[in-house]
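There are 4 protein chains.
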Amino acid sequence: MNKKQDFSGLKAVYINCTLKKSPKTSHTEGLMNVSMNILKSENVAVDYIRLSDYKVPTGLLPDMTEEGADKDDWPKIYERIMDADFMIIGTPIWLGEKSSVATKLIERLYGMSGKTNAKGQYIYYGKVGGCVITGNEDGIKHCAMGILYALQHLGFSIPPQADCGWIGEAGPGPSYLDEESDAKNNEFTNRNTTFMTYNMLHLAKMLKENNGYPNYGNSREEWDDGTRWNFENPEYR
Amino acid sequence: MNKKQDFSGLKAVYINCTLKKSPKTSHTEGLMNVSMNILKSENVAVDYIRLSDYKVPTGLLPDMTEEGADKDDWPKIYERIMDADFMIIGTPIWLGEKSSVATKLIERLYGMSGKTNAKGQYIYYGKVGGCVITGNEDGIKHCAMGILYALQHLGFSIPPQADCGWIGEAGPGPSYLDEESDAKNNEFTNRNTTFMTYNMLHLAKMLKENNGYPNYGNSREEWDDGTRWNFENPEYR
Amino acid sequence: MNKKQDFSGLKAVYINCTLKKSPKTSHTEGLMNVSMNILKSENVAVDYIRLSDYKVPTGLLPDMTEEGADKDDWPKIYERIMDADFMIIGTPIWLGEKSSVATKLIERLYGMSGKTNAKGQYIYYGKVGGCVITGNEDGIKHCAMGILYALQHLGFSIPPQADCGWIGEAGPGPSYLDEESDAKNNEFTNRNTTFMTYNMLHLAKMLKENNGYPNYGNSREEWDDGTRWNFENPEYR
Amino acid sequence: MNKKQDFSGLKAVYINCTLKKSPKTSHTEGLMNVSMNILKSENVAVDYIRLSDYKVPTGLLPDMTEEGADKDDWPKIYERIMDADFMIIGTPIWLGEKSSVATKLIERLYGMSGKTNAKGQYIYYGKVGGCVITGNEDGIKHCAMGILYALQHLGFSIPPQADCGWIGEAGPGPSYLDEESDAKNNEFTNRNTTFMTYNMLHLAKMLKENNGYPNYGNSREEWDDGTRWNFENPEYR
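Protein chains in written order, with the numbering used here: chain A, 1 to 237; chain L, 1 to 237; chain P, 1 to 237; chain U, 1 to 237.
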């Protein structure tokens with residue numbers, strides 16, 4: 001059972017929602033690299049997007065140039081997301097919350113959620129999602145709550161322990177990549193990052209081999225056409 | 001593709017975290033019934049637990065009688081949970097939060113999380129989780145964030161759209177089962193409840209047929225024994 | 001300006017929502033003591049309640065014996081809360097959330113919220129609230145979000161920096177009172193605890209001297225009688 | 001007691017964090033207007049900022065042109081905020097969360113938090129904060145939790161019931177300004193909006209007359225100089 005699996009053929013997309021543009025140091029990228037390095041060793045293709053390096057306006061339209069934006073890189077980023085079997089969102093923590101860039105990413109993902117796949121299901125069905133979170137002091141779990149909630153609500157599947165991260169003790173202090181934090185040797189962070197990465201692979205592989213979810217009981221298109229499967233409208237008595 | 005699936009052999013457990021004991025009306029139970037009725041029509045075994053009807057002390061021990069509690073029904077409830085392939089937590093909303101009974105349930109689930117399965121993985125691996133939430137006015141998503149986060153962190157898998165619920169317009173007003181709410185005819189609630197139910201079934205079936213997750217890359221026991229798969233400890237440069 | 005203030009005459013109530021009964025060690029109590037010691041030096045009366053030592057059933061009634069509970073210590077605890085000028089809620093963190101005991105406390109506070117004071121305002125108007133949070137690793141801010149939100153929604157006022165706490169680095173580890181955590185020397189925690197404590201005193205004193213809030217524009221009773229002050233119902237155009 | 005108060009001389013700033021630029025309809029603006037109209041009748045000066053109409057880059061610097069941004073309107077917006085006695089943040093809800101624009105606003109406010117006032121306190125001490133939230137279906141309380149938490153943590157004071165909003169029944173539907181929602185006649189929303197507005201006025205007036213908070217026990221500068229008031233470092237025993 002515990003033998004090596006063949007994950008080749010799987011594709012991942014990692015989206016870093018740091019507030020900083022390249023080439024400034026992103027501590028979140030530092031921890032995302034730990035996960036991406038596992039994927040490379042497992043022969044899994046990885047696409048990495050640092051969202052702040054792109055021009056992505058806020059808004060809910062699939063392409064915000066239709067509402068006056070000069071430029072919108074989102075349509076191409078969306079294609080890269082759709083090309084992947086699983087997506088990891090990375091974010092720093094500010095005041096206990098995920099970054100505004102991560103919030104904008106979720107809004108833009110949501111802006112595509114009217115689309116359906118060939119089976120009439122919401123467009124993200126069959127994809128798997130997780131998150132990587134870093135900060136100085138507090139908030140991994142709260143940021144993960146918001147990100148993982150949004151992903152599953154949009155149609156992604158969440159494997160066990162899909163959140164990992166690093167924070168230091170309460171109060172200001174060194175960040176993940178700072179040597180004095182010794183964060184790279186935090187066994188809890190390393191274990192969670194490893195388990196998250198492998199669980200993304202396992203569930204993505206399982207769903208891919210299964211051709212996603214059967215569309216019995218979950219097709220938006222069929223629901224709209226009146227199909228109800230075994231749902232029965234409850235009655236007032 | 002969209003043909004009827006065979007879900008027989010699957011088992012579900014539904015845990016209602018209303019503050020009220022039987023036989024008082026639980027609106028959350030009302031919406032849970034919509035989901036459970038689908039399962040019955042699909043020949044899936046359902047176990048239903050109204051937690052407030054049991055004696056479940058707060059605490060983190062597997063059995064709180066060891067710390068002085070008169071009685072603890074948790075060990076038996078835990079067995080019923082372990083006997084199921086998926087678990088749905090139902091909760092009412094108070095001040096935008098899940099109930100204290102739901103919070104206690106998550107604490108008790110967490111109290112067992114030192115256990116591992118035969119593959120050395122955390123004990124809830126291979127199980128699937130979701131939630132049903134009702135309230136007068138506000139908070140489905142926030143309650144779902146906390147519940148689904150906890151479940152995935154403990155080892156459950158979350159299928160697409162694993163949260164459903166009903167709330168009325170801002171302000172006090174009728175509840176789910178009150179006829180004047182007309183909540184039973186809320187198409188959004190009915191659709192989400194249906195999709196959640198079927199997605200629980202699909203993922204639970206897939207995981208069961210797969211015998212859960214392979215333990216390559218996610219075994220706590222092997223990690224503790226020094227196995228690292230393709231994780232490499234990052235270095236400071 | 002920065003001279004010593006006279007806070008004598010003020011009364012505080014501290015409610016510890018640890019899951020553990022006395023005499024088990026509560027790390028949260030450890031940090032609450034730091035704040036309470038300041039109050040003692042400032043000649044402020046402090047009432048301390050460890051909620052798990054009392055019999056407080058879940059529920060929304062002012063007295064749950066009316067719904068079948070054997071005993072309900074809440075009515076007396078409520079009196080002690082009403083006797084104080086400000087209230088500090090202490091809680092440990094489990095899976096990034098405040099304890100079920102803290103959630104139950106908020107539900108019981110909410111259960112009294114139909115009451116109004118002599119000015120027709122909600123009953124907690126004029127009181128001040130804050131929180132103290134401890135855990136091994138993560139979640140001070142998220143717990144504070146929920147507690148402070150609830151308090152202000154119920155009518156408490158929140159002074160600047162009303163949240164303080166201690167957590168260690170990501171992962172399991174020593175707790176606040178464990179010597180190896182060296183938490184007592186965390187300057188950030190000590191500073192925030194100090195500022196919180198003094199800001200509670202300043203705002204409580206100011207409100208007490210002001211006899212709470214004038215009831216112009218915020219009296220539930222007058223609103224129900226039709227008074228609207230300068231609110232004008234908006235129109236559809 | 002319940003006689004008209006004189007609020008003249010107070011200044012308010014309202015910041016709308018809709019994703020949409022002018023002149024597109026903002027439902028959140030619709031509800032903010034209800035509150036601002038009360039202020040006008042009370043002779044309170046109101047400054048209104050629709051943040052999406054400005055060029056405000058993401059980042060943590062006081063002026064992001066120092067890090068390569070073409071333009072940064074934040075320094076002028078910050079001056080307008082500092083000129084006001086209280087601030088109301090308005091936000092729409094997307095997937096149960098405040099908008100990315102609101103998150104960015106909080107990040108920019110946080111970017112100024114190293115500053116102190118003439119008393120050595122954090123720069124926002126003495127100011128009062130609240131929020132107005134609108135959405136189709138769910139999330140007022142969760143959005144308010146994050147916003148009010150951040151404001152108090154930064155130094156704002158929060159009066160009773162500082163959150164108000166409107167949402168419709170679960171599921172998609174008309175928005176606040178849509179006539180078919182009949183939201184303008186929602187008594188709960190109108191009452192909460194009124195109480196919030198007046199409580200902002202009362203607390204802002206009280207703090208202004210008091211010249212903010214005394215800096216006994218809460219001056220960052222004095223703490224850094226070694227002053228501890230009655231805080232005593234706890235000891236390990």
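If you are wondering where the hints come from, they were derived from the structure by calculation, not from laboratory data. One or more hints might be untrue.
Given that identical chains are not distinguished, each listed pair holds provided it fits within a single copy or across any two copies.
Straight-line distance between alpha carbons at most 27 Å, and here's what the computed BS3-like set of lysine-lysine pairs gives [to be verified]:
| id | residue 1 | residue 2 |
| --- | --- | --- |
| 1 | K55 | K24 |
| 2 | K184 | K55 |
| 3 | K3 | K76 |
| 4 | K4 | K21 |
| 5 | K24 | K119 |
| 6 | K11 | K115 |
| 7 | K24 | K208 |
| 8 | K208 | K184 |
| 9 | K40 | K71 |
| 10 | K11 | K55 |
| 11 | K55 | K4 |
Can you give the numbers of the hints that this structure goes against, from lowest to highest?
2, 3, 4, 5, 7, 8, 9, 11
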